[in-house]
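**Q** Residue-level listing of the chains:
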Amino acid sequence: MVELKGYGYAYPGTEDPILRDVDLRIGAGECHCLTGATGSGKTTLALALKGLLGAGTQTGGIRFAAASGGADPTVGLVLQNPETQLFATSVGEEVAFALENRGVAPEQMVAKVRVALQAVGLDVPLDARVSSLSMGQKYRVLIASVLVMEPGLLILDEPAAQLDSRGLDELRLVLHGLAREGTALLLCEHRSQAFQGLVDSYWHLDGHGRLQRGEADPLTPSPSAERAASRQRPALARAEAVRSESLAAGAGFDTPLWAGASFALEAGQRILVQGPNGAGKTTLLRMLAGLDAPREGELRVLGRKPSLKTLRGRIGFLFQNPQRQLFEDRVIDEVAFALKRRGVSAEERRARVAAILEQCGILDLSQRSPHTLSFGQKHLVALASVLVSDPELLLLDDPFAGLDAHCRNAAWRALMDWRGHSTKTLVWTSHHTGDGPVTADVLLTVEGGRIACRLLRK
Amino acid sequence: MISEKRLTLRDSLFIGFCAVFIVIFRMAFRWHLGISGHSMFYTISLLLLARGCVSFPWSATFAGALSGGMALMLGLGKGGPLILAKFLFPALVVDLAALICPLFFGSYLAVALVAALAAATKFFNTALMDWLVGMETVMILQHALIEAAGAVFFGVAGSLFVPAVLRKLKARGVI
Amino acid sequence: MPVGYFGNSFRDQRDGRSARTPSASRLPVWASLGLSLLLACLAVALRAPWTLAALAGVNLLYLVLCRVGCGLLRKAMRGLVWQTAILLGLHCLRFGAEGVYPALRVSSQLFLAFLPGMIFLASTGRSELVRLASGVLPPTGAFVLGASLHFVPLLVREVKGIYHAQVLRGARILPIDIFKPWCWPDWVGCLIVPSTVQALAMAGEIAMAARARDFGACRHRTCWPGNALRPDPEREP
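Residue numbers (our numbering), protein chains in the order written: chain F, 1 to 458; chain S, 1 to 175; chain Y, 1 to 237.
The reader is advised that the hints may include incorrect statements.
[As the list claims (entries may be wrong)] No more than 27 Å apart at the CA atoms, straight line, and that leaves these computed lysine-lysine pairs for DSS-like:
no.	chain 1	residue 1	chain 2	residue 2
1	Y	Lys-75	F	Lys-340
2	Y	Lys-160	S	Lys-170
3	F	Lys-5	Y	Lys-160
4	Y	Lys-160	F	Lys-340
5	F	Lys-5	S	Lys-170
Read the hints as simulated data drawn from the structure, not as lab findings.
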């Protein structure tokens with residue numbers, strides 16, 4: 001279907017190629033999985049196959065086997081962020097976007113759209129609102145919107161990052177079906193174990209742009225992080241960090257997102273908030289931070305009704321995509337910002353920033369601009385900038401999204417080192433079961449409009 | 001910021017965002033408190049950002065045209081189709097200034113001057129509207145001057161953060 | 001792949017909007033736009049209470065003709081309450097007790113000026129808007145208009161996220177801080193710059209996604225038939 005021979009690419013203005021001498025062959029009906037650290041060139045390779053790379057230095061070549069009729073087979077590409085790929089209000093309009101771009105007559109569009117939706121097993125009306133679908137369904141709409149172009153090769157960039165377990169199951173079935181029908185698949189994915197059983201070949205891009213044979217990442221956590229976690233299980237304090245009574249979320253909407261949540265969290269506990277996409281995990285975190293008001297019920301955080309004013313300085317919140325908040329010119333200034341605003345002396349600031357950078361394993365980056373760092377490094381800088389003010393309650397919204405195994409472990413080590421034997425409370429969300437090497441003390445499961453609280457260890 | 005003349009899709013979309021925000025702010029801040037020209041605060045700043053972040057020579061005009069078209073569709077402002085001129089005239093001034101002196105974005109004084117000129121075009125819009133409704137010439141001049149003075153004040157105020165923003169964006173390599 | 005293999009349910013949205021896009025309006029798009037413009041202009045021109053009441057009635061009729069659900073009206077009323085409160089406060093500060101009537105009148109006029117536009121946008125699908133715009137704009141311009149309108153809510157959410165993250169870190173960008181000139185560098189550095197970067201990044205992602213689906217491959221883009229499909233012949237009896 002497609003062959004890359006000695007392919008290399010360097011972005012404009014850079015001397016170091018991001019891809020070097022890549023040799024790769026993908027046949028019809030085959031499924032290949034491309035792994036590698038963030039910034040190793042997976043997305044670049046996907047864009048190269050789709051022909052979307054701009055001006056830059058290319059070496060080697062990409063050759064497509066002629067499809068029937070002699071035309072080059074089309075390449076379909078679904079990028080990483082689904083939200084910026086959903087252009088339309090209705091499902092039919094969304095799937096037909098590529099047909100519109102190709103000038104297909106409107107009267108021919110409906111049949112093609114139906115075929116594409118059938119291929120992904122999505123039986124919803126063509127005028128269904130895209131926004132009313134689950135994330136898994138939206139992702140299938142995206143695949144359908146690419147299948148409508150009848151691609152010979154389908155490339156998915158980080159498909160598992162956005163999907164919960166159910167969404168992943170649905171996606172695996174779709175991909176099995178497509179592979180059986182002869183569509184070649186290329187998955188660019190950190191979480192390669194998510195597609196075991198489907199993938200024919202694993203490939204790995206090392207940090208220097210070279211492609212090698214690879215294998216699926218093991219599901220078990222790295223031993224060092226696990227040992228760190230088990231070593232640092234402190235005696236739990238009795239003070240209460242969070243108390244909720246009949247809490248409901250969804251103020252201003254017709255129906256609550258979830259309701260009847262009553263639980264108490266003690267200071268010093270590690271709390272994992274789990275649930276499928278759209279269940280309301282982030283909403284819970286935002287309510288704990290005082291950013292969203294409850295629809296009904298009572299909520300006390302650190303002994304008070306939560307609001308920005310009362311909790312500022314006492315809680316830390318690492319939002320999704322935390323790198324978007326970086327604004328200073330040096331890492332050291334970025335991390336020191338919160339301390340500066342609190343009036344901490346320059347000397348104490350220097351010491352605390354150095355300590356936290358050391359904990360996060362990025363002390364050597366202190367003088368660099370955060371905007372020149374890799375995705376994972378930016379993530380660690382954002383984490384350091386939150387940890388440095390030593391909050392009593394730390395909230396992390398999907399803290400590992402998009403991180404490779406190395407950065408994930410670095411982040412967890414930093415969190416455990418920071419937490420130590422203290423009474424700091426840690427709350428994090430995940431839509432992947434078994435995510436992260438650290439075991440939680442309390443599990444809050446958000447699903448089906450309810451929140452269930454389970455104590456895992458005392 | 002200076003040499004690239006092609007309008008890419010990414011740049012068009014950014015200009016589109018600027019245009020939509022001009023309209024949204026216009027909708028949100030129409031409080032009829034008799035404070036002339038306050039809409040120029042965000043209009044001028046967004047037009048300057050559109051031109052400063054995108055290297056296409058007519059990006060401010062594109063933003064002005066889009067926002068004018070949207071305002072027309074949503075029925076904002078008096079004077080029907082004349083609302084297009086409210087957005088286009090200041091936008092044209094910004095683009096012409098950038099053509100004549102591309103480096104003006106680096107100077108607070110130069111940006112303030114361009115903002116003042118762009119905001120001052122409100123004089124012509126107001127005068128035209130007053131003439132159409134049959135006002136006396138002296139009254140037209142007085143009214144248009146007052147409106148323009150308010151517009152210049154707010155336009156200059158809205159422009160003052162733009163050089164700092166553009167400098168930081170350039171330092172990051174984003175533009 | 002068998003159709004309906006997976007859970008294919010989808011639910012009405014929590015804000016009251018139907019899970020289905022609006023039915024075909026009883027009005028053609030050009031007529032709807034014209035009426036929306038006329039009603040908005042009248043809201044600005046009319047001042048007497050009885051005329052505003054009559055105009056409100058006409059707007060309700062427009063809402064019904066466009067087959068827009070009551071969810072939109074409920075959402076708009078929430079905005080009206082806030083707007084009225086703010087305007088009352090500001091007018092009373094400026095004009096004292098005499099400011100009450102003007103505040104209420106202005107608030108109703110503003111509401112009636114925005115409502116037709118909201119009804120028009122809610123009842124007009126993106127493809128219809130783009131089709132309408134394509135009549136006067138080139139294909140890229142029409143797409144940019146449609147995409148900008150479509151993605152601005154996402155951008156606003158991103159900016160809000162940046163704002164909250166920075167406030168929690170201690171940035172001096174609370175509403176009261178706008179009146180303190182020594183806090184202005186935080187507004188620029190902590191909010192405006194990252195928000196502009198985010199807007200540029202999002203524009204880049206959207207452009208890449210559009211090109212990945214062959215946007216720009218053909219000079220003459222066609223349009224999805226859209227609401228002309230209703231009722232969906234293969235789903236409804």
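**Q** Does S/Lys-170 lie within 27 Å of F/Lys-5 when you go C-alpha to C-alpha?
**A** Measuring from Cα to Cα gives roughly 37 Å; hence the hint is violated.
**Q** Does F/Lys-340 sit within 27 Å of Y/Lys-75, going by the straight-line distance between their CA atoms?
**A** Violated, at about 41 Å.
**Q** Given the hinted pair Y/Lys-160 and F/Lys-340, is their Cα-Cα distance within 27 Å?
**A** holds (23 Å)
**Q** Under the criterion that the straight-line Cα-Cα distance not exceed 27 Å, is the pair Y/Lys-160, S/Lys-170 satisfied?
**A** holds (24 Å)
**Q** Are F/Lys-5 and Y/Lys-160 close enough, with their CA atoms no more than 27 Å apart?
**A** violated (46 Å)
In this structure, the earlier hints numbered 1, 3 and 5 are contradicted, and the remaining ones agree with it.
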